[in-house]
Amino acid sequence: MANLIKALPARHLVASMVTALLVLTGIPAMAAVERAPATADHSKFKALKGPFESASEVTEACLKCHTEAAGQIKATTHWTWLYEHQETGQTLGKSKVINSFCGMAVTNEPRCTSCHVGYGWEDMNQPPPEADSAVDCLVCHDTTGDYWKFPTLAGDPTYVPREWPKGSGNMVQPPDLPKIAQNVGASGRANCGSCHFYGGGGDGVKHGDLDSSLVSPDRSLDVHMSPDGGNFSCSDCHSTWGHSVSGSRYQVNAKDTLGIDIPGHTDLSRASCESCHGGQPHEKEKLNDHVDKLACQTCHVPAFARGGVPTKMWWDWSTAGKLDENGKPITTYDEAGHVSYLSEKGDFRHGENVVPYYAWFDGTVEYTMVDEQFDIDNPPLEINRLDGGPDDPASRIWPFKLMRGKQPFDTESKTLLATHVFGADDSSLWSNYDWPKALKFASEMSGMPFSGNFDFIETKMYWPITHMVPPADQALRCGSCHSGESRLAGIGGIYMPGHSANPWLDRIGWLVVALTLAGVIIHGLLRVVFRKRKQS
Amino acid sequence: MSRVMVYKRFERFWHWFQALLIFSLLITGFEIHGSYSLLGFGDATRLHTIAAWSLIVLWLFAIFWHITTGEWRQYVPTRDGLFAVMHYYLIGTFTGAEHPYRKTTKAKHNPLQRLAYLFFKLGISPAIWVSGLLYLFYNDWPATLAGVLSLEAVAFVHTAAAFAMLVFIIAHVYMATMGHTLTSLIKPMVTGYEDLDEPAGKP
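So the sequences go chain by chain: A and B. Residues in the first sequence are numbered from 1 upward in steps of one, following our numbering. Residues in the second sequence are numbered from 1 upward in steps of one, following our numbering.
No lab work stands behind these hints: they were computed from the structure. There may be inaccurate statements among the hints.
To be verified - Cβ-to-Cβ under 10 angstroms is the rule here; a few derived chain A residues that face chain B:
#, residue
1, Val160
2, Arg162
3, Lys166
4, Arg385
5, Asp473
6, Ile491
7, Phe530
As the list claims (entries may be wrong) - Straight line, CA to CA, 25 angstroms or less: simulated SDA-like cross-link-like pairs of lysine to any residue:
#, chain 1, residue 1, chain 2, residue 2
8, A, Lys532, B, Glu98
9, A, Lys532, B, Gly96
10, A, Lys532, B, Ala161
11, A, Lys532, B, Thr183
12, A, Lys293, B, Trp141
13, A, Lys286, B, Glu71
14, A, Lys46, A, Asp176
15, A, Lys293, A, Val309
16, A, Lys286, B, Leu136
17, B, Lys121, B, Leu39
18, A, Lys286, A, Asp391
19, A, Lys440, A, Asp123
20, A, Lys460, A, Glu352
21, A, Lys534, B, Thr177
22, A, Lys534, B, Val85
23, A, Lys284, B, Leu39
24, B, Lys103, B, Ala153
25, B, Lys106, B, Thr183
No residue lacks a Cβ here, since even glycine has one placed at the ideal position from N, Cα and C.
Based on the provided sequences and hints, a complete structural model is requested.
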């Protein structure tokens, strides 16, 4: 025995003792995803030695081997920015929808198209450029972190040193394209995040559950993506099929009844919690009784914007354009140090650790399209609407970021308006702070009608919350909902013990209890009184 | 007068264990209902469920005991002497009258007690249990049941029965103090023995 112990290296002994201790103390072990070694070392390919004049030349080199990749990309929503909704029949996608941030991508090229998975989409009245070499391979497959689509170049990185942000003095250097090309690999969090973390014009602005804190999050921020947890890349859940990525915000899988995805049995898309955790994931049976009515995220994402990056909760465009006495744009900050006013953009309110808004949801989202007449007398206008309700077995209660604000609309045609906010021309809002001019130009540029008369209407927009899942011990407690001050107060269509109760039953019940107590006390007092009288 | 065994060992165990469980169920139950916050909803629910299952098991034993010993006859209602007992509690107890009922081991509950306990056993308890089990297994209701019944209705009945239980207990505990002395009725429930007007030595 002594020999055996001596034979074991001391380090192993310590490690196994630590492991045993962890097992004994019940700390759940979560193994980080292991990646299979690549079958190709891209630094050995002659085609990737360079030199490259542009990123699109790198794409040409990629396509020499990956012959089908460009065609696959061009069939995806990432390329077309179009989405035909099977349930509602609406044509959605970034080319079509309006949101409550900067309005539409249309008329704001090349700023918005800097996040297109391609190069050179300067005019969204036209489809994206047709050449295969216009596909951007590097934004998704760069592993060096040095590739950056410059914000104003319609998808290209900069090829000369260029200042960003404007006026900051910070010079962005051209990327070393041969080095980047020789180091391509599977997409990581930072790849997807380079666009999806910065939606709405900045870090964390749009989603609330997607921001740069997820590049390397703590376990307590996101147990799946944390290097100390699962170290998942986005595509571990958003599984792909020929470059088509699963998991859509327009048609959410609000209740995955397929459960754990097994090859040969299911669709193999893993963009739902149930894909890995199954339909009965809790050890405590009573918790499993909740999964028919509650999305996993409702309890397991207790708050969003938890990583130190604030998200915009309110954006009032109607106040944009105020200038100081010198005619210069104004910037103000709130107590937390977040921007609260910009002459370019109006008033903001930011939030961190935000408690979600909850609603019944069957996964289908309908949009108020830009050409759609709406009821201007009953604000706030819903930019998107959530389908589903308590009586629909396909619906569950989901968490959302509720984005609110004020947006311009056409007072005559009663429609929303495309907003030309970005552009080097003299008409964009951000160059001259003149709303009428910017709206008129947007109409001319996009062909969308504008009567010339406009006002601002309060709007709201729902963003499903699904990321930033902490370890299970940080999930909501029972009392978060089963209490007087329930998070789900007002949700409707559900009886929640501890929150819902018939007020008349309580009034009558406690009255009877009180009367009984009073009767007993009076009877007892009378007994005492009469006994004393008898004794005296 | 002789000292006789009125409440046998099982009966006493049943009574006091049931009392403990019912108090636990009332305290946790009204927390689950949302009347106050004590243990937290999760712990209250867990304790409530454990106590409920314990009470059900206890009752299975008690039902078996009642049937096999014939003790169920103690709860057969009678009108004979009912009004005399009611009159005693309302008036006689103050004027110094004697309790009109003569307790024996064969009929140890007075007519009012019989009625109250029968209502407890056949009214309140079954209502609580049926509604409670439906409540507990809400997610496993067959479709036919789910079509006609709502959780809200089940919770309503369960809570209403809990109020009835609370009222019963207040009255029951108070009336247990109405013997010759404050504790003369409670002592036999602990020791099993009471002085009755019947020959000693009977079981």
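Hint check results:
no., hint, result
1, Val160, "61 angstroms, violated"
2, Arg162, "56 angstroms, violated"
3, Lys166, "53 angstroms, violated"
4, Arg385, "28 angstroms, violated"
5, Asp473, "13 angstroms, violated"
6, Ile491, "14 angstroms, violated"
7, Phe530, "4 angstroms, holds"
8, Lys532/A - Glu98/B, "17 angstroms, holds"
9, Lys532/A - Gly96/B, "11 angstroms, holds"
10, Lys532/A - Ala161/B, "39 angstroms, violated"
11, Lys532/A - Thr183/B, "19 angstroms, holds"
12, Lys293/A - Trp141/B, "15 angstroms, holds"
13, Lys286/A - Glu71/B, "38 angstroms, violated"
14, Lys46/A - Asp176/A, "16 angstroms, holds"
15, Lys293/A - Val309/A, "31 angstroms, violated"
16, Lys286/A - Leu136/B, "9 angstroms, holds"
17, Lys121/B - Leu39/B, "29 angstroms, violated"
18, Lys286/A - Asp391/A, "21 angstroms, holds"
19, Lys440/A - Asp123/A, "17 angstroms, holds"
20, Lys460/A - Glu352/A, "19 angstroms, holds"
21, Lys534/A - Thr177/B, "19 angstroms, holds"
22, Lys534/A - Val85/B, "22 angstroms, holds"
23, Lys284/A - Leu39/B, "18 angstroms, holds"
24, Lys103/B - Ala153/B, "42 angstroms, violated"
25, Lys106/B - Thr183/B, "22 angstroms, holds"
Of the hints listed earlier, those the structure fails to meet are numbers 1, 2, 3, 4, 5, 6, 10, 13, 15, 17, 24, in rising order.
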